[in-house]
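Single-letter residue listing:
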Amino acid sequence: MAAPILVMAVGNESRGDDALAPLLIRQLQTEAPEQVEFIEDYQLQVEHVTDLHGRRAVLFVDADVSCDAPFQLSMITAAHDNSYTSHAMSPFALLHAYRQFYDTNAPPCYLLRIRGYGFELGESLSADAERNLELATTYLPTLLADITRSRE
Amino acid sequence: MTDTTNKLETAAHPKGLRRVAIDPVSRVEGHGKVTLLLDENDHIHQVRLHIVEFRGFEKFIQGRPYWEAPVIVQRLCGICPVSHHIAASKAMDMIVGATLTPTAEKVRRLMHYGQILQSHALHFFHLCSPDLLFGFDSDVAKRNIVGIAAAYPEIAKHGVLLRKFGQEVIRVTAGKRIHGTGSIPGGVNKNVSIEERDYLLKDVEQMIAWSKGAVDIVKNLFEQNLDLYNNFGTFKAHTLHMVRADGAMDLYHGGLRARSMNGEPLFDHYDYSHYWDVIFEDVKSWSYMKFPFLRSLGPAEGWYRVGPLTRVTQSDFIPTPLAEQARKEFIAFNGGSATGATLGTHWARMIEMLHSAEVIRDLLNDPDLQGIDLVNIGERHERGVGVIEAPRGTLIHHYKVDEHDQIVRCNLIVSTTHNNQAMNEAIRQVARQYLDGKKLTEGLLNHIEVAIRAFDPCLSCATHALGKMPLEVELLNAEGGKVDVLARSLDGTFSTEV
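Top line first, the protein sequences correspond to chains B and R.
Position 25, counted from 1, in the first sequence is what our numbering calls 25; the numbers after and before it change by one each time, with no gaps.
If you want our numbering, it's the 1-based position in the second sequence plus 152.
Keep in mind that the hints are not guaranteed to be accurate.
Label pairs and their in silico Cβ distance ranges [what the hints assert, rightly or not]:
1. R:G327 to B:S124: 48 to 54 Å
2. R:E531 to B:R26: 43 to 49 Å
3. B:R151 to R:V560: 52 to 58 Å
4. R:D520 to B:T137: 44 to 50 Å
5. B:G54 to R:E375: 27 to 33 Å
Derived coverage of chain R by chain B (criterion: at least 3 residues anywhere in the stretch with Cβ under 8 Å from a Cβ of chain B; other residues may be distant) [stated by the list, open to error]:
6. 246-252
7. 364-373
8. 531-540
Keep in mind the hints are simulated off the structure, nothing from the lab.
Idealized CB from N, CA, C, for every residue including glycine.
Working from the sequences, and respecting the hints, build out all of it.
Set out below in structure tokens:
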């Protein structure tokens, strides 16, 4: 039985600020409520539609080079974008694939983008990204509690 | 077919030519760029594939303790982390002087063939099938997986579930979905339980059936479009791959086999622990990626092709029945015409996917997977080389470890690097065939990308930060001034700007 709330963190901890999402969930998952499951992966791909199935809500967390600092939260819906044609899909495209795979809409999904700045192999987290991570770490438990309550 | 040639690599008189850049190449992992130099009549004088990648890999690993390597190298690439995991483990087996136990080798093999299956499934069902099923210059809005899912819903679903199955094989053998620790120097740290075995066995026959169906799809495409599939971007190349002692396809272990473009043996069953005696790497001023070549033929003539097409055509046989039958049909098709075709790579890739599914089934039925003898350590050495046949081709990991157990030297030759010159040759051939003398359109430029995608290049980088990935083609004059722009946005729409 899948946990009702899924947090899907996307990123590679050895590529600078791409580590933001994995680091965020690793700090929080030991104290998270039982109804929340955390999954981490380098990139989103089509098979992740099966991870979304059977959830009440899903929160994607990812580093973003274009959002406002420190982070931005949005509710997202399926969209046909060009990332379908890549080895790495966007969350929007994944929701679109979900609809095609299951013939129904994906559960309610949120996207937490944390502002990142540098993504080179072997780089550590940038100072600005570290500040954003701190703020996101403080924010996420409240956010998860809100999402859980609203989807009960 | 053309002979080995570097024509179109460098324009004889570049002054006054227009430059066209396809940047980045889409449906390819990482950052690739193609530049074309055209004259006023749209005749092509130079074609180059530039790849900005792999810089810093060796530095990234230096200074780490050797036992960390199989885990840390998985972060080099978000697409084939398991291939790096296993290649590094094999190199570290040499460092620790290990001869693997049967359980350790079979668990690793299971992991590796799971990786091959899921990687090939993604490439065929989601990255190249839009081109193949709709046509290279079909409506661009349809030419993606959304279009496939609408027109061929069952094919799209099979792709998802094959990927999922391969990922589950990896999870079971590596211990987790990513950052797997299953393979360690000298063996593995877990076996496959009866419960895990049964979990995978219940779906494996379905995976074999779907894989066989995928082979049939590609075969049908060849039959329906014989001229296109036989000739598109086709060129002759020397070949390199690993082969089992009896000549069978073996994607996990064996000796190196190289043959000339005419099929003559250059070396066979060569011990890969001294690969540098037969392979060397050249550099070119216009590319960050190295150009490996066979030493005996030299840098100009010694480039070669690795990957599914080479493995399926150059192995003596495939040691599973359905894949071997498929190989024979592939070799015999139309007098052998598909075996040298760039698009024949898709057919070969599906034969390998079928083979992987069969190997997974056979391994799951092997009781050695439940053995408890997992690690074997022998006399310590300072140098280790690990080679596997990764989804895209031969992958070499080479390490030197000092007396403090730290990695002091590392050299990686990844599959896409082996294929660097071959990919350049394919796009030059396509440029000659389809672009020369014609007004460039998105459909024509996609022909270039189709040729590159046939190799499924992994141009590195698990960096995927949101907000990237546009495609922009610029036509510049000789002074660098912008003449025309063709851009593809994230939603897949195209726009032009003059």
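Problem - Status of the given 44 to 50 Å range, CB of T137 of chain B versus CB of D520 of chain R - result: Given a distance of about 45 Å, which is inside 44 to 50 Å, the answer is holds.
Problem - Range hint compliance [Cβ, E531 of chain R to R26 of chain B, 43 to 49 Å] - result: violated (38 Å)
Handout entry: 52 to 58 Å as the expected CB spacing between V560 of chain R and R151 of chain B, which holds or is violated
Key = Holds, at about 53 Å.
Problem - Range hint 48 to 54 Å (beta carbons of G327 of chain R and S124 of chain B) holds or violated - result: violated (26 Å)
Problem - Consistency of beta-carbon spacing, E375 of chain R to G54 of chain B, with hint 27 to 33 Å - result: violated (42 Å)
Problem - Within 8 Å of chain B (C-beta), three or more residues of the region 531-540 of chain R - result: Coverage by chain B is violated for the region 531-540 of chain R (0 residues, Cβ < 8 Å).
Exercise for the section: Three residues minimum, CB to CB under 8 Å: does the region 246-252 of chain R make the cut for coverage by chain B? Let me know. Expected result: violated (count 0)
Practice task
Given that the region 364-373 of chain R was listed as covered by chain B, double-check it with a C-beta distance under 8 Å for 3 or more residues.
Solution key: violated (count 0)
Checked against the numbered hints listed earlier, the structure breaks hints 1, 2, 5, 6, 7 and 8; every other hint is satisfied.
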